[in-house]
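Novice: Here's the letter readout for the chains.
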Amino acid sequence: EAGVTQFPSHSVIEKGQTVTLRCDPISGHDNLYWYRRVMGKEIKFLLHFVKESKQDESGMPNNRFLAERTGGTYSTLKVQPAELEDSGVYFCASSQVFPPVGGKRDTQYFGPGTRLTVL
Amino acid sequence: AQSVTQLGSHVSVSEGALVLLRCNYSSSVPPYLFWYVQYPNQGLQLLLKYTSAATLVKGINGFEAEFKKSETSFHLTKPSAHMSDAAEYFCAVSSYGNKLVFGAGTILRVKS
Chain A
1 EAGVTQFPSH SVIEKGQTVT LRCDPISGHD NLYWYRRVMG KEIKFLLHFV
51 KESKQDESGM PNNRFLAERT GGTYSTLKVQ PAELEDSGVY FCASSQVFPP
101 VGGKRDTQYF GPGTRLTVL
Chain B
1 AQSVTQLGSH VSVSEGALVL LRCNYSSSVP PYLFWYVQYP NQGLQLLLKY
51 TSAATLVKGI NGFEAEFKKS ETSFHLTKPS AHMSDAAEYF CAVSSYGNKL
101 VFGAGTILRV KS
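Note that the protein sequences, when read in sequence, are chains A and B. First residue of the first sequence? That's 1 in this note's numbering, and the numbers climb one at a time after it. First residue of the second sequence? That's 1 in this note's numbering, and the numbers climb one at a time after it.
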């Protein structure tokens, strides 16, 4: 079974440019999450999709970030325009079961991340 | 609100020595707790998870963790460190909604 994949693995862009990150979850996983780790800080939640719907986007930093999951399969995270503080590693994760089925919280499987550098 | 504190951003042990990575959590609901590991140039890999069953949880690569509600702790241990254990380790907590809240991470260095 293929794991979570992310593209690109690295991206270097100039301030003000646009970048789009892609995540392909594990096949059959309805839940898709985006997280970000800014250098020296904790990994922080950005948002959660259940199929194509945004379940929780409380972690999105501002309106320069736009996440989509058309058709409930892969997801894209667009940053436009990019700022210096957007640099970091962006992780995607997927899981199968949507809580609160008996309060069950399913394991999230992470991709390798995309390292974004904004110059 | 939930939070996780990992004590020690860097831990160094000798090969063959006990590994102890500390994690304390705060949660207003019964927590699910996780330990993830990130090897160099790789993604996060699940080591083990606590889901309110047994308090002593065994994971991959010889790691285990014990949930102690009275101490709000979920420390990660391994009896004998191996060079291949060198990595960054993350403790995380989740509640209903499944969002993970991570600690700051602990980099484990194993000396030969």
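To be clear, the hints were calculated from the coordinates, so they are not data collected in a lab. These numbers were taken from a predicted model, which means no experiment stands behind them. Among these hints, one or two may not hold up.
[Said to hold, decoys possible] Derived pair list, reagent style BS3-like, types lysine-lysine, alpha-carbon separation capped at 30 Å: (1) Lys58/B / Lys41/A; (2) Lys58/B / Lys111/B; (3) Lys41/A / Lys78/A; (4) Lys41/A / Lys15/A; (5) Lys54/A / Lys41/A; (6) Lys69/B / Lys54/A; (7) Lys41/A / Lys68/B; (8) Lys15/A / Lys58/B; (9) Lys44/A / Lys15/A; (10) Lys44/A / Lys58/B; (11) Lys44/A / Lys54/A; (12) Lys54/A / Lys78/A; (13) Lys54/A / Lys15/A; (14) Lys78/A / Lys15/A; (15) Lys68/B / Lys44/A; (16) Lys68/B / Lys58/B; (17) Lys69/B / Lys51/A; (18) Lys78/A / Lys44/A; (19) Lys58/B / Lys69/B; (20) Lys51/A / Lys78/A.
Novice: Would you check the hint for Lys51/A and Lys78/A, treating anything up to 30 Å between C-alpha atoms as holding?
Specialist: 18 Å, holds
Novice: CA of Lys44/A to CA of Lys15/A, is that 30 Å or under?
Specialist: 22 Å, holds
Novice: For Lys44/A and Lys54/A, compute the direct alpha-carbon distance and say whether it is at most 30 Å.
Specialist: 17 Å, holds
Novice: Would the pair Lys58/B and Lys41/A pass a check requiring their Cα atoms to be no farther apart than 30 Å?
Specialist: Given that 30 Å is the threshold and the Cα spacing comes to 28 Å, the pair holds.
Novice: Is Lys69/B within 30 Å of Lys51/A, Cα to Cα?
Specialist: Distance ~35 Å between Lys69/B and Lys51/A Cα, so the pair is violated.
Novice: Compare the distance between the alpha carbons of Lys78/A and Lys15/A with 30 Å, and conclude whether the hinted pair is satisfied.
Specialist: 14 Å, holds
Novice: Please verify whether Lys58/B and Lys111/B have alpha carbons no more than 30 Å apart.
Specialist: 24 Å, holds
Novice: For a C-alpha distance cap of 30 Å, please report whether Lys69/B and Lys54/A respect it.
Specialist: The given pair, whose Cα atoms are some 33 Å apart, is violated under the 30 Å limit.
Novice: Does the structure keep Lys54/A and Lys78/A at a Cα separation of 30 Å or less?
Specialist: 15 Å, holds
Novice: Quick one, are Lys41/A and Lys68/B close enough, alpha carbons at most 30 Å?
Specialist: This hinted pair holds, its Cα atoms lying about 26 Å apart.
Novice: Assess, step by step, whether the Cα of Lys68/B is no farther than 30 Å from the Cα of Lys58/B, and give holds or violated.
Specialist: 15 Å, holds
Novice: Against the 30 Å threshold, does the CA-CA distance of Lys78/A and Lys44/A hold or violate the hint?
Specialist: With a Cα-Cα distance of about 17 Å, the restraint between Lys78/A and Lys44/A holds, given a limit of 30 Å.
Violated hints, listed in ascending order, are 6, 8 and 17; each of the other numbered hints is respected by the structure.
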